[in-house]
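S.K.: So the chains spell out like this:
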Amino acid sequence: MSIQLDQAHTTAMPIATAAGSACSGAPWKASIVAELAEVVRNEAVNAEYRHLVVNCSEEAAAAQPGQFFQLLCPQPAGEQPFLRRPMSLYGADPDRRQVEFLYKVTGAGTRGLDTLKPGDRLDIMGPLGVGFALDPGWRHIVAVGRGAGLATLAPLARAARANGAQVTAVFSARRPDLLVSVDLFHRHRADVIAVTDSEQTSGPANVERILRRLIADGRCDAFFTCGSSRLMRVQQRLAREVGLPGQVAMEQQMACGIGLCYCCVRDFNVNGEIVNRRVCWDGPVFDLMEALP
Amino acid sequence: MSIQLDQAHTTAMPIATAAGSACSGAPWKASIVAELAEVVRNEAVNAEYRHLVVNCSEEAAAAQPGQFFQLLCPQPAGEQPFLRRPMSLYGADPDRRQVEFLYKVTGAGTRGLDTLKPGDRLDIMGPLGVGFALDPGWRHIVAVGRGAGLATLAPLARAARANGAQVTAVFSARRPDLLVSVDLFHRHRADVIAVTDSEQTSGPANVERILRRLIADGRCDAFFTCGSSRLMRVQQRLAREVGLPGQVAMEQQMACGIGLCYCCVRDFNVNGEIVNRRVCWDGPVFDLMEALP
Amino acid sequence: MSAASNVDLSVSIGGLTLRNPVMPASGTFAEGLEKVMDFNRLGAFVTKTITRELRAGNPLPRVVERPGGLINAIGIPSKGVPYFIETIMPHYAAYDTPLVVSISAPTAEGFASLAAELSIPGVAAIEANISCPNIEEDGKAFAMRAESTQKVTRLLRTATELPLWVKLTPNTGDVPEVARAAEAAGADAVVVANTILSMAIDLKSFKPCLGNIMGGLSGPAIKPIVLRQVFQCAKAVKIPVIGCGGISTADDAIEYMLAGASAVQVGTATFLQPAAMTTIIDGLEAFCLRRETPRVADLIRGVIIEEADEPDLAWLDPVS
Amino acid sequence: MSAASNVDLSVSIGGLTLRNPVMPASGTFAEGLEKVMDFNRLGAFVTKTITRELRAGNPLPRVVERPGGLINAIGIPSKGVPYFIETIMPHYAAYDTPLVVSISAPTAEGFASLAAELSIPGVAAIEANISCPNIEEDGKAFAMRAESTQKVTRLLRTATELPLWVKLTPNTGDVPEVARAAEAAGADAVVVANTILSMAIDLKSFKPCLGNIMGGLSGPAIKPIVLRQVFQCAKAVKIPVIGCGGISTADDAIEYMLAGASAVQVGTATFLQPAAMTTIIDGLEAFCLRRETPRVADLIRGVIIEEADEPDLAWLDPVS
Ligand SMILES: Cc1cc2nc3c(=O)[nH]c(=O)nc-3n(C[C@H](O)[C@H](O)[C@H](O)COP(=O)(O)OP(=O)(O)OC[C@H]3O[C@@H](n4cnc5c(N)ncnc54)[C@H](O)[C@@H]3O)c2cc1C
Ligand SMILES: Cc1cc2nc3c(=O)[nH]c(=O)nc-3n(C[C@H](O)[C@H](O)[C@H](O)COP(=O)(O)OP(=O)(O)OC[C@H]3O[C@@H](n4cnc5c(N)ncnc54)[C@H](O)[C@@H]3O)c2cc1C
Ligand SMILES: Cc1cc2nc3c(=O)[nH]c(=O)nc-3n(C[C@H](O)[C@H](O)[C@H](O)COP(=O)(O)O)c2cc1C
Ligand SMILES: Cc1cc2nc3c(=O)[nH]c(=O)nc-3n(C[C@H](O)[C@H](O)[C@H](O)COP(=O)(O)O)c2cc1C
Ligand code: FES
Ligand code: FES
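Heads up: the protein sequence lines correspond to chains H, Y, A and E, in order.
Numbering-wise (the working numbering), the first sequence opens with residue 1 and increments by one.
Numbering-wise (the working numbering), the second sequence opens with residue 1 and increments by one.
Numbering-wise (the working numbering), the third sequence opens with residue 1 and increments by one.
Numbering-wise (the working numbering), the fourth sequence opens with residue 1 and increments by one.
Source of the hints: derived by calculation from the structure; they are not laboratory data.
From the three backbone atoms N, C-alpha and C, an ideal C-beta is built for every residue, glycine too.
Be careful, since some hints might not be right.
With a cut-off of at most 25 Å between alpha-carbon atoms, the simulated SDA-like pairs for lysine to any residue come out as follows [claimed, not checked]:
hint: 1; chain 1: H; residue 1: K29; chain 2: E; residue 2: R41
hint: 2; chain 1: H; residue 1: K117; chain 2: Y; residue 2: L72
hint: 3; chain 1: A; residue 1: K238; chain 2: A; residue 2: S148
hint: 4; chain 1: A; residue 1: K35; chain 2: Y; residue 2: V33
hint: 5; chain 1: H; residue 1: K117; chain 2: E; residue 2: Q273
Restraint-style ranges between C-beta atoms, simulated for each label pair [to be verified]:
hint: 6; chain 1: H; residue 1: D114; chain 2: A; residue 2: D251; range: 16 to 24 Å
hint: 7; chain 1: H; residue 1: W28; chain 2: Y; residue 2: S229; range: 54 to 62 Å
hint: 8; chain 1: A; residue 1: S10; chain 2: E; residue 2: L203; range: 18 to 26 Å
hint: 9; chain 1: E; residue 1: E147; chain 2: H; residue 2: E58; range: 55 to 63 Å
hint: 10; chain 1: H; residue 1: A44; chain 2: E; residue 2: L203; range: 23 to 31 Å
Sequences and hints are given; from them, build the entire structure.
M.R.: Below is the structure:
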């Protein structure tokens, strides 16, 4: 595991260790902060998605792929989003102290985000949750995403490359013009296979065919997925069949985002037993085989 | 009474007449509107006061001196002014369809107003209440104001001049640099006598001396006042002594601004009997002799 | 607009048909609003509560704002019955909109005699505001208890032939039980609810912000609470429930109707947007058009409760 | 900062001295917050309510937002007592902050035996969340009635020597009466209050927004209501009142203390600003410095009620 991704796991380390550190005598220091970040850019990338870049603290810029932030969205006209909104890390630049998000304008919160202009302040809180883990032994990984799930997978492209792994991304969207972050993956020398509803290439049967070919070609040491339970099930089936590891980033409505309220629970199948886990705290990245749709 | 000021009284005409018009068969038309006005200017005039100019409807721009608007103030950071805020008309230009306000940044509402930039929208509702009435027989009127009261008296300068009356304004402030709308009065050929706390000229005794001189010079056919109950009492005393008419614009906290809620009541002395009146609906301009401090 | 769109906006409230379900809440309406909206568009007029006694109202300040609402302690300034009949009622005679008169009294007998006196031509219904203190029972509001509600409603029922609406308080622990008592005693409808007893303290002076020390909270802040009470009451009674609490938009009105309200009253929203009521009426019509709902009355009690596993008996009161 | 400023922030709650009056509200706090704030700065820890039974909690969705607040129906997911003692308690052992354990049970006996079992080293006080349904009395929450409150408190009192805090529901019509019952039965403090029962309906699906149909409203929207209840309770009882409802800022905490609270609990605010509690502690200290108040405890019950004319008996419940 690379040092960089180790940090992701440090942030999500078992709670006992974190609490234990109070005994060490060292002055206490926050590892999750809420801060007023400065908006650098907030632009449409296509008809549905916006790309938001903010200047932030060192702690926030150390966010890892698969982690997320809770954004306190501004109020759009006539609406009052009360809760923070979870947003996956789309990119982090520790040197420039920036983090990036990719969001789809959907409801009150994202309409509020849409009002932000460069120079405005946005209250961001993070980094939160357990991100993706990259095994240094993996040479080829496959990322399968749909919708906003592409945003979540995006930072993997850079991390995998830094880790010496080759990425193949299978991206699903309604129409070709709604595909996002293809360029970003290309920049990090990933292969991108796009499937769309309008071209009738996005059905599970076709995606399965694509994935089987990648496995056959020895180009799939692990699955990473987000944004479609239908595609997740395809990967679970293949992973079980072929004996491959995998990770999935899950979503669930959140209130606190830091494990306090238990509103974001999902069921997981852990060795045949159904257990309840908090997506914000125990995830959002989980073992592919334990996830239930 | 000039036609212009007649309209003020039309707006505040007895309710029975207004309701009666429903029988006339003519399609109903609103005479009080809430509208999204466009901010033209919002600038500091001194350390305490801001001057706000907005583009508005014909109805709003027909506002008369002494009337007021209810402004739905934007939310400043961390505060949520819930109610509208009453603001006196500071100026109205029916030709350019503009109204102006002069406000002092005090609490949540005015801090919200302070965030407005040209081009922003502001929800204004009006014109509201009963304004000043100018008797065409008056050749010289005296306006006595302090604090935000100067804003309320300001549009009198123009109206009086249009009505052929000469205005002498006695303006009281803490310091000379906090006097506002002196230029505006000068523009309308009014005489301005400034008294201030810092120069120790603002005491009631001195103001009384000034007013007595104006009366003696035949330069005071009526008093108009706003913003100081101490100065109001001086004028009440003189008016009773010399037999002069007068009008006072009163303030009171408001919720609805249109006579619905009875939160803005004050006591008035009507021929020895204490009666309760709504400042927003029966006023804000009242007979000087009936007002109680 | 109704004619053109063919959406039937009318609702029936205990024998009285309203052209649409939107009306003002007592104490937030007066003749002045005629300058803002066409009174012939409203479902009904509802007057400020009147009493037989002449009353000055509460000491100032009478309102204080809080995020999402305001607390008021206006009291009931009242000029008595003759003034109401001679001076206020004529304003409304010019319109084709039913006049609902809100009344209050310190005793059940007082309620009944006031209702009788006001059962005159021009009055379409009586709204009994029983959230006021019952001086015969240690000053607790009638609507705080089922028994006192039943008693005052029964007397009112014998005193007037007019449709009788009983306005309940949200400050009691079991609003549906009180609603049932009103129904049993002959009310034609219940209005749910009034303001929620609240307080605010000024941090500069350390004094209460209101002259009356406590006051009633209204506005968007109370909507989820009163909506729940409307839902509970609509399950408890067969007579129409009129929803009142924090309604500012057509969406709010629709949510109330789905929860069980047959009509809605709009209060505080009018202070912020004086034309709120007509905007809500337009929005109701547009919603019905969009959803292809021929009659707005089809929305009443329209909430869909799915059969589910028994919910976990939570730390809060369970689903009733 | 305290040492430097010489403001004494400590308060005493029924025998237990807290370094300051600020603590989390049950169900809005967990070990994870250690990453956000120094746990040694809090007045106390208050755990999520635990039960003896293993419970899954309510169906999803469990929260819905509304202007100024959120409605939740989490339920009480619980892994039981041994899990709590072995897995949760050790996290807090490292800190010099008293641990208050919130408990719930479906019967008064159940409350008592759970309190007894949890009266162990490391637990500084028991908070009995009696806003949960009493299965022995048709499922109404214990705290809805004075009698059931008195009964459960009396049994709890005999079961534990630890300071006993009883957490009341705001959903009843007479909270001060319930507070008096808790006091009479031996409670060391009352926590006023829990969430206010509410509802929200989705206008697309016509279904309730919460899996549990109804839920509890918390956040700024409820502050004026609960503040009033704290004021009423502080007049009704001599034991300390702990205020809880919509507290987000130091100003909110001060308003509660003036109304009569000896300490405050912060819930929903932490979801929006995770460091809300420490920000409030800093703000309390700054306020005391500015007002030259040597001890924050001097603020308790500090509201100034002036002798006034008898207020007009309003259409809302009168000043009590
Ligand atoms: C871990 C995580 C990461 C996410 N990352 C992204 C991202 O990178 N880009 C993106 O566009 N969206 C992302 N989402 C969804 C995002 O949080 C918003 O909820 C969604 O954008 C809609 O919010 P809204 O305020 O516009 O809609 P509203 O309709 O106003 O939302 C109402 C409530 O429902 C919740 N909600 C609505 N949709 C979702 C959803 N899909 N998942 C969870 N809660 C939801 C909101 O958070 C809010 O509490 C993520 C969600 C989670 C849990
Ligand atoms: C008829 C009328 C005309 C007014 N004209 C002007 C004007 O031209 N310029 C100006 O600066 N101010 C004027 N005021 C006062 C103005 O309405 C604001 O209340 C005041 O500026 C402070 O509001 P805030 O939101 O900043 O303060 P906050 O402290 O947030 O106000 C809290 C509440 O108290 C009320 N309030 C506070 N001060 C006053 C006051 N002096 N009079 C009445 N209510 C008050 C507010 O309206 C609000 O409801 C007028 C008031 C009235 C009644
Ligand atoms: C200023 C004010 C005065 C009120 N006066 C009365 C009244 O006289 N009689 C009454 O039954 N309700 C009165 N109410 C309560 C309202 O009718 C209504 O029940 C309550 O405000 C909740 O509705 P809302 O949130 O839409 O305002 C008053 C409310 C306000 C805000
Ligand atoms: C998500 C959530 C879970 C809660 N769980 C509990 C609980 O387990 N036990 C309890 O006594 N109160 C619980 N409460 C109520 C809070 O402790 C508190 O009384 C209430 O939220 C009001 O305070 P607030 O407005 O500061 O949030 C919960 C509240 C929320 C929002
Ligand atoms: S969002 Fe609160 S526990 Fe996950
Ligand atoms: S502000 Fe409502 S009556 Fe004057």
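S.K.: Keeping to a limit of 25 Å between CA atoms, is the pair of K117 of chain H and Q273 of chain E held or broken?
M.R.: holds, 23 Å
S.K.: Given the proposed pairing of K117 of chain H with L72 of chain Y, does the C-alpha separation stay at or below 25 Å?
M.R.: Distance of about 24 Å is within 25 Å: holds.
S.K.: Note whether the CB distance of D114 of chain H and D251 of chain A lies within 16 to 24 Å or breaks it.
M.R.: Given about 21 Å between the Cβ atoms, the range holds.
S.K.: Between K29 of chain H and R41 of chain E, is the straight-line Cα distance small enough, at 25 Å or below?
M.R.: holds, 13 Å
S.K.: Holds or violated: are the alpha carbons of K238 of chain A and S148 of chain A at most 25 Å from each other?
M.R.: holds, 20 Å
S.K.: Please check whether W28 of chain H and S229 of chain Y have a Cβ separation lying inside 54 to 62 Å.
M.R.: Cβ of W28 of chain H to Cβ of S229 of chain Y: about 56 Å, so the range 54 to 62 Å holds.
S.K.: Given the hint of 55 to 63 Å, is the C-beta distance from E147 of chain E to E58 of chain H inside that range or not?
M.R.: holds, 58 Å
S.K.: Taken at face value, is the distance from the CA of V33 of chain Y to the CA of K35 of chain A at most 25 Å?
M.R.: holds, 8 Å
S.K.: For the hint 18 to 26 Å, verify it against the beta carbon of S10 of chain A and that of L203 of chain E.
M.R.: With a Cβ separation near 22 Å, S10 of chain A and L203 of chain E satisfy 18 to 26 Å, so the hint holds.
S.K.: Verify the CB-CB distance for A44 of chain H and L203 of chain E against the hinted window 23 to 31 Å.
M.R.: Cβ of A44 of chain H to Cβ of L203 of chain E: about 28 Å, so the range 23 to 31 Å holds.
The earlier numbered hints are all upheld by this structure, with none contradicted.
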